[in-house]
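**Student:** If you want the building blocks of each chain, they are given just below.
Number of protein chains: 2
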Amino acid sequence: MLNVSQAPDGKKYNIPTEEENALEREELIKITKEQRALGRKIVAVQGLGFVGCVMAAVVADAENEKGEPIYFVHGHQRPSKRSYWKVPVINTGVPPVASSDPEVPQIFHSTVVEKKNFRATSEDFVYGLVDVVVVDIQLDATKPSFGEAEKGYCDLLAFREGIRMLGQQIRPDCLVLVETTVPPGTCEKVVKPILEEEFTKRGIDIKETPPLVAHSYERVMPGAKYVSSIRDFWRVFAGVDEKSTELCREFLNNVLNVKEFPLTQLDSTNASELAKTMENTYRAVNIALTLEWARFAEQIGVDLFKVRDAIRKRKGTHDNLLRPSLGVGGYCLTKDPVLANWAMQTLFELDGCLDMAIRGVNINDTMPLHTINLIKTVIPELKDVKIAILGVSYLENVGDTRHSPSKTLVEFLRKDFAKVLTHDPYVEAWPELEDSHVESDIRAVLPGAEVVVFAVGHDQYKNLQPQEVLDICGTKPLIVDCSDFLSDERIAEYKRLGCVVRGVGKGHIV
Amino acid sequence: MLNVSQAPDGKKYNIPTEEENALEREELIKITKEQRALGRKIVAVQGLGFVGCVMAAVVADAENEKGEPIYFVHGHQRPSKRSYWKVPVINTGVPPVASSDPEVPQIFHSTVVEKKNFRATSEDFVYGLVDVVVVDIQLDATKPSFGEAEKGYCDLLAFREGIRMLGQQIRPDCLVLVETTVPPGTCEKVVKPILEEEFTKRGIDIKETPPLVAHSYERVMPGAKYVSSIRDFWRVFAGVDEKSTELCREFLNNVLNVKEFPLTQLDSTNASELAKTMENTYRAVNIALTLEWARFAEQIGVDLFKVRDAIRKRKGTHDNLLRPSLGVGGYCLTKDPVLANWAMQTLFELDGCLDMAIRGVNINDTMPLHTINLIKTVIPELKDVKIAILGVSYLENVGDTRHSPSKTLVEFLRKDFAKVLTHDPYVEAWPELEDSHVESDIRAVLPGAEVVVFAVGHDQYKNLQPQEVLDICGTKPLIVDCSDFLSDERIAEYKRLGCVVRGVGKGHIV
Numbered sequence: 000m001l002n003v004s005q006a007p008d009g010k011k012y013n014i015p016t017e018e019e020n021a022l023e024r025e026e027l028i029k030i031t032k033e034q035r036a037l038g039r040k041i042v043a044v045q046g047l048g049f050v051g052c053v054m055a056a057v058v059a060d061a062e063n064e065k066g067e068p069i070y071f072v073h074g075h076q077r078p079s080k081r082s083y084w085k086v087p088v089i090n091t092g093v094p095p096v097a098s099s100d101p102e103v104p105q106i107f108h109s110t111v112v113e114k115k116n117f118r119a120t121s122e123d124f125v126y127g128l129v130d131v132v133v134v135d136i137q138l139d140a141t142k143p144s145f146g147e148a149e150k151g152y153c154d155l156l157a158f159r160e161g162i163r164m165l166g167q168q169i170r171p172d173c174l175v176l177v178e179t180t181v182p183p184g185t186c187e188k189v190v191k192p193i194l195e196e197e198f199t200k201r202g203i204d205i206k207e208t209p210p211l212v213a214h215s216y217e218r219v220m221p222g223a224k225y226v227s228s229i230r231d232f233w234r235v236f237a238g239v240d241e242k243s244t245e246l247c248r249e250f251l252n253n254v255l256n257v258k259e260f261p262l263t264q265l266d267s268t269n270a271s272e273l274a275k276t277m278e279n280t281y282r283a284v285n286i287a288l289t290l291e292w293a294r295f296a297e298q299i300g301v302d303l304f305k306v307r308d309a310i311r312k313r314k315g316t317h318d319n320l321l322r323p324s325l326g327v328g329g330y331c332l333t334k335d336p337v338l339a340n341w342a343m344q345t346l347f348e349l350d351g352c353l354d355m356a357i358r359g360v361n362i363n364d365t366m367p368l369h370t371i372n373l374i375k376t377v378i379p380e381l382k383d384v385k386i387a388i389l390g391v392s393y394l395e396n397v398g399d400t401r402h403s404p405s406k407t408l409v410e411f412l413r414k415d416f417a418k419v420l421t422h423d424p425y426v427e428a429w430p431e432l433e434d435s436h437v438e439s440d441i442r443a444v445l446p447g448a449e450v451v452v453f454a455v456g457h458d459q460y461k462n463l464q465p466q467e468v469l470d471i472c473g474t475k476p477l478i479v480d481c482s483d484f485l486s487d488e489r490i491a492e493y494k495r496l497g498c499v500v501r502g503v504g505k506g507h508i509v
Numbered sequence: 000m001l002n003v004s005q006a007p008d009g010k011k012y013n014i015p016t017e018e019e020n021a022l023e024r025e026e027l028i029k030i031t032k033e034q035r036a037l038g039r040k041i042v043a044v045q046g047l048g049f050v051g052c053v054m055a056a057v058v059a060d061a062e063n064e065k066g067e068p069i070y071f072v073h074g075h076q077r078p079s080k081r082s083y084w085k086v087p088v089i090n091t092g093v094p095p096v097a098s099s100d101p102e103v104p105q106i107f108h109s110t111v112v113e114k115k116n117f118r119a120t121s122e123d124f125v126y127g128l129v130d131v132v133v134v135d136i137q138l139d140a141t142k143p144s145f146g147e148a149e150k151g152y153c154d155l156l157a158f159r160e161g162i163r164m165l166g167q168q169i170r171p172d173c174l175v176l177v178e179t180t181v182p183p184g185t186c187e188k189v190v191k192p193i194l195e196e197e198f199t200k201r202g203i204d205i206k207e208t209p210p211l212v213a214h215s216y217e218r219v220m221p222g223a224k225y226v227s228s229i230r231d232f233w234r235v236f237a238g239v240d241e242k243s244t245e246l247c248r249e250f251l252n253n254v255l256n257v258k259e260f261p262l263t264q265l266d267s268t269n270a271s272e273l274a275k276t277m278e279n280t281y282r283a284v285n286i287a288l289t290l291e292w293a294r295f296a297e298q299i300g301v302d303l304f305k306v307r308d309a310i311r312k313r314k315g316t317h318d319n320l321l322r323p324s325l326g327v328g329g330y331c332l333t334k335d336p337v338l339a340n341w342a343m344q345t346l347f348e349l350d351g352c353l354d355m356a357i358r359g360v361n362i363n364d365t366m367p368l369h370t371i372n373l374i375k376t377v378i379p380e381l382k383d384v385k386i387a388i389l390g391v392s393y394l395e396n397v398g399d400t401r402h403s404p405s406k407t408l409v410e411f412l413r414k415d416f417a418k419v420l421t422h423d424p425y426v427e428a429w430p431e432l433e434d435s436h437v438e439s440d441i442r443a444v445l446p447g448a449e450v451v452v453f454a455v456g457h458d459q460y461k462n463l464q465p466q467e468v469l470d471i472c473g474t475k476p477l478i479v480d481c482s483d484f485l486s487d488e489r490i491a492e493y494k495r496l497g498c499v500v501r502g503v504g505k506g507h508i509v
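Protein chains in written order, with numbering that gives the first Met the number 0: chain U, 0 to 509; chain V, 0 to 509.
Incorrect hints may have been included.
All copies of an identical chain are treated as equivalent in the list; a pair is satisfied when it fits inside any one copy or across any two copies.
For lysine to aspartate or glutamate, the following EDC-like pairs were computed, each having C-alpha atoms within a straight-line distance of at most 16 Å [stated by the list, open to error]:
#1 LYS10 <-> ASP139
#2 LYS312 <-> GLU259
#3 LYS142 <-> GLU33
#4 LYS224 <-> GLU102
#5 LYS314 <-> GLU259
#6 LYS314 <-> ASP231
#7 LYS312 <-> ASP231
#8 LYS188 <-> GLU348
#9 LYS314 <-> GLU467
#10 LYS418 <-> ASP100
#11 LYS206 <-> GLU241
Calculated from the structure, these hints are not laboratory results.
Based on the provided sequences and hints, a complete structural model is requested.
**Tutor:** Below is the structure:
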């Protein structure tokens, strides 16, 4: 079977045939007509990835003062083998993402099955039927060379295609709300011109009815408050003109918890796009700063985490100070500084470099090498040394492996011919790393381990008792604490049991 | 008269003769005896500079539960021509520093004149009489090459001499509490060894009675809450051993507002010293980051200050984000990263560099050149151009000129042969800049100005009406706003009146 899309649980779904698509188009027309008759506005969400699928559910969940849905939402996912399965899965009321947030299954069931105002489709045709398109196309930065983020770029090809398709389909009065984190300048220099081009081809007078484009960025966090992090949080937005701005404001006011978190309007989409990339750069640079001080602290007997706690007492001026760790992962801090730097040099053709930003990313991307150096201060030669890595996701108590620093750690340990075993209770598959096998039972990685790396702060690891670890290991491994996951008492206990312990930023234990 | 010390108000004071010093020593013995009889402990504060003089008053102001002073304080200032005048001035109950904080004259009058438990002296002999010495010796970083903080160093000569003198004088059970911001490692690697050396020379058994040394740093801010910023704020401390730690804790508990701001104890003086330099480095690096984004914003039509406001809505994670400006001044952010880097390389002889820290300082030190570049985008040739600089202090509504970025601004404008006039309502003299004359009347600098630079956010400048400025100028000058001191409405008004306006990080006005 060629046209099959396989879900993570192994279940296979046939990608629709042309005949099925024709039927789907009729269905889309019928549903949309019915929903308009109910007084609802029609929204499409383009891209049902990590943000898009939950954003679609949040939009569908929005109610007016009478408790009735304001919108009907068509979630749109391209019919690729990799992702088509999301369409039939969502249409049974099941979320296409795993999450520890109990609101995720609830909101999908409630909107898809009960209220019946959220439905997924793979038909592009849907965009011609809607009042608002929320663009949640995935967009990444490419960093062709490890530790050289200055060479990073943004491949806009798929994004441009997605926007062009909108230009070919949407009604002239449809608002295109870009929610994807994009290089600053994208709405003005990419989205609007493409829509204008396609409108003009369709004979639409863009002087009379210029395309309506706005930008607003979410600040989603995976984990136990996944849905809430999209709905109940500060939002920044801007439109390319007055009408776009007003439509965007109205839409966000309807959809988000603006009573507790009022909207922040900026003057231009450039400003809104810049804000998103700057706020993540701010964090990336702060983390990078902590690494050099962690190294210093390690060598002069200081616990940098206690120093950090002391500094952070100064609320409002010093409490954003972040912590050193194995490294920086996830989808935002690793790429947003690169998007901004690339935009400056390419979209705006300006001289120079966002130097602190790029330097910060380079320090963060190469940060896992510091943990390897820590191991080597105790075991200089790693060939055939059995190393157990506890944690491969990028965040504690979450199974998200996107740009996880554990990947860099494993890759470089493999270059030293170490025998690396990985464990993570939240991760079933690790698609980003070749030849990876993530154990879910800690007893599969600890026996015989000469080094145990506490890489991620999952609660399970924080609760491990030293005696228990050593019993399973059957050895007295080197214990490496990547980000203050072990208390001083626990470290003392490991030492009492005969282990050597090292930690990022933990000079006081040497 | 050779041995005369002149106060800033012009009044001259004779530096004591040997005969007078002999009498002073008797007086010190007598006073100390009387004060001990009252049940008070005796404290000396070494160095009556910006921190030391107010710290001395705060210590004297400390009371027990019965409302009685806990300590008698000898403030000590070396009898140099530059600073001796502070001794007689303080002894009349007058503070040796100008401040907008009304508590400053109050606390000096109250402790020196009313409670009579604070007295200044220039006699080293005093250190032999006390239970605690608070070290507030000035200590600066030297940056021999502009924009190359990596070459910066710390000249510890005078500091070492001050500590050696303590070692020759103090009782073996006297606590030496270092409050000066020092390069990390100073207490362990400089202070303690010198005291041990001098104790040993005096026949004191340092095994039996090792010198008692602790470190605790203030977080003083000049301005309207000067005294409170020393007393009512978070304090970090650490001692070189258990006894030093306990004595330090007891002293700080007596002196500071620890009910509202409990003390934070760290494990070692290395940690406490590192914390101080790291917290200032954190801010310095954050400011440096904003400059590159300000430049970007300027070129793509974005108001970076509105972007900053949007980002800072995220309290606790993003609200420490600082703002771009003319540059970074003052005594802490400009030198502390250099002290730490120098300590790492010199006191600890470690490889590497605190790269983000040093890069941050370099960006900040050279930041005023960006304002000159902004001027040059409108007026490329500055020879003979009359430029009025509004503000030469480093902080709004304060007259403190230490390391003010206006100094760099003026120096480089002079290199371009511009005619520079400076104004500041809070600054009488500008000792750091040669051939400087700071006007206190704005009418002395504006007439004929072709460029008006709003360099510092003094309220007086923020209140200036555009029409008023232009009336005094008699020109339509280029208006340069260095850090969002002018509202959009005011900028529009300047433009309406025929001025060109530019601003750091203010791309939306171009």
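**Student:** Confirm or reject each hint.
**Tutor:** Status of each hint after checking the structure:
| no. | hint | in the structure |
| --- | --- | --- |
| 1 | LYS10 <-> ASP139 | neither (28 Å within a copy, 68 Å between copies) |
| 2 | LYS312 <-> GLU259 | between (26 Å within a copy, 12 Å between copies) |
| 3 | LYS142 <-> GLU33 | neither (47 Å within a copy, 74 Å between copies) |
| 4 | LYS224 <-> GLU102 | within (8 Å within a copy, 48 Å between copies) |
| 5 | LYS314 <-> GLU259 | between (22 Å within a copy, 14 Å between copies) |
| 6 | LYS314 <-> ASP231 | between (23 Å within a copy, 14 Å between copies) |
| 7 | LYS312 <-> ASP231 | between (27 Å within a copy, 13 Å between copies) |
| 8 | LYS188 <-> GLU348 | within (12 Å within a copy, 52 Å between copies) |
| 9 | LYS314 <-> GLU467 | neither (39 Å within a copy, 40 Å between copies) |
| 10 | LYS418 <-> ASP100 | neither (35 Å within a copy, 65 Å between copies) |
| 11 | LYS206 <-> GLU241 | within (14 Å within a copy, 78 Å between copies) |
Comparing the model with each earlier hint shows violations of hints 1, 3, 9 and 10; every other hint is respected.
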